[in-house]
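> Below are the chains, spelled out letter by letter.
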Amino acid sequence: MTAVPVLDPVQVDAGRTPDPRGRSRRTWSHRTRLAVVYVILIPFGLLFVAPFVWLLSASFQPVSDIFSWPPQWIPAHPTLDGYRQFFGAGGAQAGVWFLNSAFVSISVTVLQLFCNSLAAYVFAKRRFPGRSAIFLLFLATMMVPPQVTMIPNYLILQHVPLFGGNDLFGAGGHGMLDSYEGLILPGCVSAFGIFLLRQYMTSIPDELLDAARIDGASEFRIYAQVVLPLCRPVLAATAIFTFMAAWEDFLWPLIIISDPNKFTAPLGLAMFVMKNQTSWSVLLAGSVIATLPMVVVFAVFQRQFVQGIAMSGLKG
Amino acid sequence: MFSIFTLFALLFAFYLTFHEWDIINPDKPFVGLQNYSRMMTDTDFQQSIINTFYFTGASVPLSMIIGLLIALLLNQGIRLRGLFRTMFFLPQVTPFIVIAIVWKWLYNGDYGLFNFYLLKAHLITQPLHWLSDQNLAMPAVVLMTVWAGIGFSMVVYLAALQAVPEELYEAAKMDGAGGIARFRNITVPQLRPTTLFLLVIGIIGSLQVFTQIYVMTNGGPVDRTTTMVFFIYQAAFKFYQMGYASTLSFVLFAMTLVFTAIQLWLYKKADQ
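In the order they appear, the protein sequences are chains Z and W. For what it's worth, the working numbering labels the leading residue of the first sequence as 28, then goes sequentially. For what it's worth, the working numbering labels the leading residue of the second sequence as 455, then goes sequentially.
It is possible that part of the hints are untrue.
Computed cross-link-like contacts, BS3-like style, restricted to lysine-lysine with a CA-CA straight-line distance of at most 27 Å [unchecked claim]:
| # | chain 1 | residue 1 | chain 2 | residue 2 |
| --- | --- | --- | --- | --- |
| 1 | W | K692 | Z | K302 |
| 2 | W | K558 | W | K574 |
| 3 | W | K692 | W | K558 |
| 4 | Z | K302 | W | K558 |
Simulated from the structure, these hints should not be mistaken for laboratory data.
Using the sequences and the hints, build the whole thing.
Spelled out as structure tokens, the structure:
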């Protein structure tokens, strides 16, 4: 009670209060502990925010200031040049990359929600021979690293028949390489998504579905109007994960896309780093813009997002 | 769709491992186990396995331990917990490519913030070239990955901490258990499933590390940061040796299977 390294007036006050001894000691130690927690947390938190602050600040600086020594935290000559160049003179395609990313991510998300939930419904609520075996097979594929299927998928896309200059036997052209379809289709189902949704759907009582069946609802209608609305929390969580993963996916677009007009935002930025080592203002402006959609999605759906992590995380 | 891109692809990949397959030459000879024997003597690939293990062994435990510490601090009933949580979680909602770009700049030898503050604090006497120094490149990549990954383990640990029944702590307090004893005998065992989950997910994920390598070091200097997936990527899409690259990817697959099996085994043991 005597040696207090941190001299916070509030604490000193707390020590002097004429409360009964025991109570005073408790608030004292409680406050000391809180103070220690803050003393650790605040600098740590700043370490996490600092790179973002610097990114934001530097994106508004002219190149000469970015390369200044000492580094500037507050832009001395604020400018929108980086942003202007990113969308205009410097790289006319940059705007297109973001549209590409938006289109691909949204398509993947919508397709996944539909395919995953449909498959999950079948696995959860329909009986057919071999159901559990097929489901197990689906689950087992979750263990396959995407890098194992990426090479064969590349070759499969290359030889899609009657597409991208290919003939009936999938030869001659480049198939679905360098196409939006190639970016979207391999990502339109996920075993993990099916698994999460199925677990959730199993908890929906069968009586509910039977009641709808007696009322003459078709199987698809039961899925769409009875089961789906009940799954909203899981659907929201998986939609957010899928969107974010699709938005920041890098390796797959890197492999199959070579036409700069079809770059996604991460790919475009990476190519920018490789080629224009000097245009950092443009690059940083692009980085800020690429981050925005994910931050917005996170800010809007924060609760579902954190719940989703806990949901998938704790059930393992 | 799923069947084509996963199941068929898997079989196709296996088929590829027995062939010499480049995408230009129409002739794809069957080469038997040649790809496998080549792999056994490929010291560059073995180096990439060692690099990947180094990366995994350093980054996974660090981000878990720091994530747990922060979760414990956030669980002390402090104010503005949501704000702090968001701060630590921020890297998780940033495209990884952006993080890699920013950190590449932070590490910049001539203008980077790291050198600036280290010089200012007189911890170093001359600027360090983080990403082009053979001994510093991998630790630099690890540090950046830990920074980016802490938020995830923090959120998962925080959720698990809040699920620990308060009565356990109350009861222990009654029995006179101190803070450290309570942590060792209640918190740690209660968090075991979470720790296991994070460990396995973390290991499997970091065996697949690619983006930061590609952007920050491109595998260099002198292959010091060439990881397995980077090596496979180069074999397949730089040298177009699809058959050989597929063979290598099965090593990754086998490692993933081993860790998943260990996880299942540990879960079973925990249940008993």
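> Does each hint hold? Answer for all of them.
Structure-based check of all given hints:
About 17 Å separates the Cα atoms of K692 (chain W) and K302 (chain Z), which keeps this hinted pair within 27 Å; it holds. For the hint linking K558 (chain W) to K574 (chain W), the alpha-carbon distance of about 20 Å falls within 27 Å, and the restraint holds. Simply put, K692 (chain W) and K558 (chain W) have alpha-carbon atoms about 23 Å apart, close enough for the 27 Å limit, and the pair holds. Distance restraint check for K302 (chain Z) and K558 (chain W): the Cα-Cα separation of roughly 15 Å lies within the 27 Å cut-off, and the hinted pair is therefore satisfied.
Violated hints: none; the structure is consistent with every hint.
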